[in-house]
Amino acid sequence: MGARIPEFSATTLDGKTINQDYFKGKVTVINFWYASCTPCIAETPGLNAIVEKYGTDKVNYLGISTSDDNEVKEFVEKYEWKFEQVHNGIDFNLNVFKLGYGYPTTFVVNKKSVIVGAFSGGKSDERAIQEIQDNLIPLIEASLK
1 MGARIPEFSA TTLDGKTINQ DYFKGKVTVI NFWYASCTPC IAETPGLNAI
51 VEKYGTDKVN YLGISTSDDN EVKEFVEKYE WKFEQVHNGI DFNLNVFKLG
101 YGYPTTFVVN KKSVIVGAFS GGKSDERAIQ EIQDNLIPLI EASLK
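Under our numbering, residues 1 to 145 are what the sequence shown spells out, in order.
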């Protein structure tokens, strides 16, 4: 918390380049996950509700998965996840963001590219939807001001 987002470059499943420019002037929610993670699956509807609530004009939504491209494609289709997705993200998780464990992990980055919120883990049942929203909404609201 309080650190600037590390510099990195990645390509999403849709071919979009993610780099420092992606973060400028927008709040960003980054979710680190993998395809067989039960809490990751459980919170996906709550993350989609955040996208619906805030839209994409002022907020970015980025998933970084350790899973390979086929697993990510299948997951995104099955759960209709509305985040932009980077696959094969183990290098980002370990070497750029220094995340070795604790999935899902979610960061909120403010308009100045500073991490203002971070939390790991989550519920594996229907409570995950409300929990992720309760964690994210105050951080997003404060960052949009």
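Source of the hints: derived by calculation from the structure; they are not laboratory data.
There's no promise every hint is true.
[To be verified] The list that follows gives simulated cross-link-like pairs (lysine-lysine, BS3-like), each with its CA atoms no further than 25 Å apart:
no. : residue 1 : residue 2
1   : K123      : K24
2   : K78       : K26
3   : K82       : K53
4   : K16       : K82
5   : K123      : K145
6   : K73       : K111
7   : K111      : K58
8   : K26       : K123
9   : K16       : K112
These numbers come from a predicted model, not from an experiment.
(request) Check each numbered hint from earlier against the structure, then list the numbers of those it violates in ascending order. (result) Violated: hints 1, 2, 5, 6 and 8.
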